[in-house]
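Could you build all of it, start to finish, from the sequences and the hints given here?
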Amino acid sequence: MGRIKTLAALGAAAVMLSAAPVAAGTTEWLREGTQIINVTDDGGRLFCTRASDGFEMCHGMLQESPGTWKGPKMKHPDMPGFMTFAGTVLIGSDKLKIEGCVLGGAVCDAEIWTKQ
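Counting along the sequence shown from 1, when you hit position 79 you're at 127 in my numbering, and nothing is skipped either side.
These are calculated hints, taken from the structure and not from any lab test.
Worth double-checking, as some hints may not be accurate.
[What the hints assert, rightly or not] With a straight-line Cα cutoff of 27 Å, these simulated DSS-like cross-link-like pairs (lysine-lysine) come out:
#, residue 1, residue 2
1, K118, K143
2, K163, K143
3, K145, K163
4, K143, K121
5, K123, K143
6, K145, K121
7, K163, K121
8, K163, K118
9, K145, K118
10, K145, K123
11, K163, K123
Below you can see the structure in the form of structure tokens.
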């Protein structure tokens with residue numbers, strides 16, 4: 049009977065460990081008080097994905113300096129999916145500022161997210 053319990057415990061542990069983990073270098077940020085955004089540093093490229101539906105807000109932004117990322121492939125969830133924006137992400141210890149711009153920077157929109 050002890051062997052069966054041991055095998056059952058090992059099986060349960062294997063199931064728990066096989067669950068899809070959040071990627072290494074990923075942190076969770078709260079957008080608009082309710083939306084969880086997974087922000088991943090993948091070898092010098094930054095990705096920002098809304099957890100609820102996988103909507104990618106920033107894709108492969110390049111690190112310019114510690115805590116500063118820039119790139120042309122940002123999307124806003126309230127805009128049509130084909131639209132992309134040039135953007136900047138500034139990451140601090142507990143706040144993240146994401147800003148997207150069009151028309152050569154003439155029109156910009158920014159948000160502040162809090163770390164979870």
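Results for each hint:
no., hint, result
1, K118 with K143, "17 Å, holds"
2, K163 with K143, "6 Å, holds"
3, K145 with K163, "11 Å, holds"
4, K143 with K121, "21 Å, holds"
5, K123 with K143, "20 Å, holds"
6, K145 with K121, "16 Å, holds"
7, K163 with K121, "23 Å, holds"
8, K163 with K118, "20 Å, holds"
9, K145 with K118, "12 Å, holds"
10, K145 with K123, "15 Å, holds"
11, K163 with K123, "20 Å, holds"
When the structure is compared with the earlier hints, no violation turns up for any of them.
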